[in-house]
Amino acid sequence: MKRHATKKGLIITTVVVAILAGAAAFAYFTSSGSGTGSAQTGSASNVSISQIGAGYDSLISSNGYQQDQCFSCASITEFGNDITLANPGAQQLVSVVVAFRNWGSAITALPITLSINNTVGGPISDTQSFSFPAAITDGSDPSTTNATFDFSSQGAFVEQEFVYGITFDPAAGSSLNVALASSGTNLSVGTDTHPGTVWVNTTAGLGIAGDFPACTAPGVGFASVITDCGASSLTNPGAYGTPAQVLAGSADIPAVQVNVVGGTTPPLYPGGPAQPIGYAITNPGSSPVHVNQVTTTVSTLSNTGSIVGDEACATTMYPIVNGPAVNSNIAPGTSLFPFSGTSISMTDDHTNQDNCENAVVHLSFSSN
Amino acid sequence: MTGRVPAVAALGLVLGGLIVAGYFTDAALGDPPHTFTITGDASLPLFPGTSQSLDLVFTNPEASPITVAAGSVTIAIATTQADCSASANFAVPQSLTTNVSVPADSTESLSDLSVPRAAWPVISMVETNVDQGACEGAPLALTYTGSASG
Numbered sequence: 212m213k214r215h216a217t218k219k220g221l222i223i224t225t226v227v228v229a230i231l232a233g234a235a236a237f238a239y240f241t242s243s244g245s246g247t248g249s250a251q252t253g254s255a256s257n258v259s260i261s262q263i264g265a266g267y268d269s270l271i272s273s274n275g276y277q278q279d280q281c282f283s284c285a286s287i288t289e290f291g292n293d294i295t296l297a298n299p300g301a302q303q304l305v306s307v308v309v310a311f312r313n314w315g316s317a318i319t320a321l322p323i324t325l326s327i328n329n330t331v332g333g334p335i336s337d338t339q340s341f342s343f344p345a346a347i348t349d350g351s352d353p354s355t356t357n358a359t360f361d362f363s364s365q366g367a368f369v370e371q372e373f374v375y376g377i378t379f380d381p382a383a384g385s386s387l388n389v390a391l392a393s394s395g396t397n398l399s400v401g402t403d404t405h406p407g408t409v410w411v412n413t414t415a416g417l418g419i420a421g422d423f424p425a426c427t428a429p430g431v432g433f434a435s436v437i438t439d440c441g442a443s444s445l446t447n448p449g450a451y452g453t454p455a456q457v458l459a460g461s462a463d464i465p466a467v468q469v470n471v472v473g474g475t476t477p478p479l480y481p482g483g484p485a486q487p488i489g490y491a492i493t494n495p496g497s498s499p500v501h502v503n504q505v506t507t508t509v510s511t512l513s514n515t516g517s518i519v520g521d522e523a524c525a526t527t528m529y530p531i532v533n534g535p536a537v538n539s540n541i542a543p544g545t546s547l548f549p550f551s552g553t554s555i556s557m558t559d560d561h562t563n564q565d566n567c568e569n570a571v572v573h574l575s576f577s578s579n
Numbered sequence: 813m814t815g816r817v818p819a820v821a822a823l824g825l826v827l828g829g830l831i832v833a834g835y836f837t838d839a840a841l842g843d844p845p846h847t848f849t850i851t852g853d854a855s856l857p858l859f860p861g862t863s864q865s866l867d868l869v870f871t872n873p874e875a876s877p878i879t880v881a882a883g884s885v886t887i888a889i890a891t892t893q894a895d896c897s898a899s900a901n902f903a904v905p906q907s908l909t910t911n912v913s914v915p916a917d918s919t920e921s922l923s924d925l926s927v928p929r930a931a932w933p934v935i936s937m938v939e940t941n942v943d944q945g946a947c948e949g950a951p952l953a954l955t956y957t958g959s960a961s962g
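Going down the list, the protein sequences come from chains F and Z.
Per the numbering used here: the first sequence ends with 579, consecutive numbering throughout.
Per the numbering used here: the second sequence ends with 962, consecutive numbering throughout.
Keep in mind that the hints were calculated from the coordinates and are not lab data.
All C-beta atoms in this analysis are idealised placements derived from N, C-alpha and C, irrespective of residue type, glycine included.
Possibly wrong hints are sitting among the right ones.
What the hints assert, rightly or not - Computed beta-carbon distance windows for the label pairs:
no., chain 1, residue 1, chain 2, residue 2, range
1, Z, S907, F, P495, 46 to 54 Å
2, F, G333, Z, D917, 54 to 62 Å
3, Z, S961, F, T247, 48 to 56 Å
4, Z, A888, F, Q504, 34 to 42 Å
5, Z, E948, F, A317, 50 to 58 Å
6, Z, E948, F, V331, 41 to 49 Å
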């Protein structure tokens, strides 16, 4: 009996499966779909191109520095100044170049920090490791190096006036000094906000270890100190001192160049070195714009002289070598090209070019 | 008892077979083909080197749900803008990458159906590294075709 009952169960199961198979086949069908849609390509916005250049420049192009500020011998841990950029308003910071002089053996990978305390978005800093060649003659003829602090990736905007500070370990860089320039004769772009002062963080006392005038008193922490309260220190002639001494060429401010969007090219001289021209491309739209070649030309000159008998100052005296094509998509916002490969120089005509002295060279940028 | 087993089983198979046969017959008699529609526009403009995911909308007029299979939707891109070659400047780097079930008698977008955006079809404008100004502002016509089962 059990065997028969099992067979009946098998029969019922077989029938159910067959019907289900049929039902499933009936429910299955295929269908085709079609339809349309649309899309559109965007329209490119016109980009604007601004020069990247110095908003403040106290570097001496020939590296002809006469003075510098020692850190280790004046117990200084931070040294800087309050400066004012040439153009008004907040400006995008690209880089800061500081001139150093090394009086001793070569220095390798010394971390140095440049800080700015009052940017639009708060304090910013950049720390990089720099190497410095040994002195040309140890102890008497220093090597000079321009160290560049690259802020281009930070997108920071600085106010027209700000205080900067340079920091490194005096023990690790005992032979390294910050080069000094004269606010009276070497400041080519921007201004020294408070002449006769610099900013110092030191544990030294009055006269700050004999490097400053005897009347110079340290502040608390990183603070402004007065450098023109008296004559230069007898042990450090040519540094700081009275306003008359500064006007006569006494070096009193750190040798620094601050590069910003909207800045200018350092001074040009007949037959002098070509100066690089960087630029910033601003895309005001919301989508990338392709930029191929940026072409820089001299559009006009202003503030030229009119000395009768001297050669007239002409745009042709300022040849420009354009760099390679950008050939990339520029994202919305501002993209920086500080090392564009473009440069400008001033020809030496071997004649009197005094009519170009203090001339302002206006540049024009175009792109395709 | 033993002799009745094949007879009943055969009956079941025959019934099933008739039903299956009825499906094919139904089609052969000229019922309208089962169709669904696909629509969908790009929400943002394309620029060289950029892509857009398409939130396709499926309309299923049938009385039963359908399943649009992954990879079964094709997209053709055309433009009438002079000197702008659609084949040279536009591409479909990704089709629908997941099966999508569309309920009966409904119109649903991929987002309505909670299909992850990563699975949506994608169209792109190719960065050709040459001047693509001829395609600036070009209107693009998208034509969809697809198949489904259900």
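Worksheet entry | Ascending list of hint numbers which this structure does not respect | The structure breaks hints 1, 3 and 6; every other hint is satisfied.
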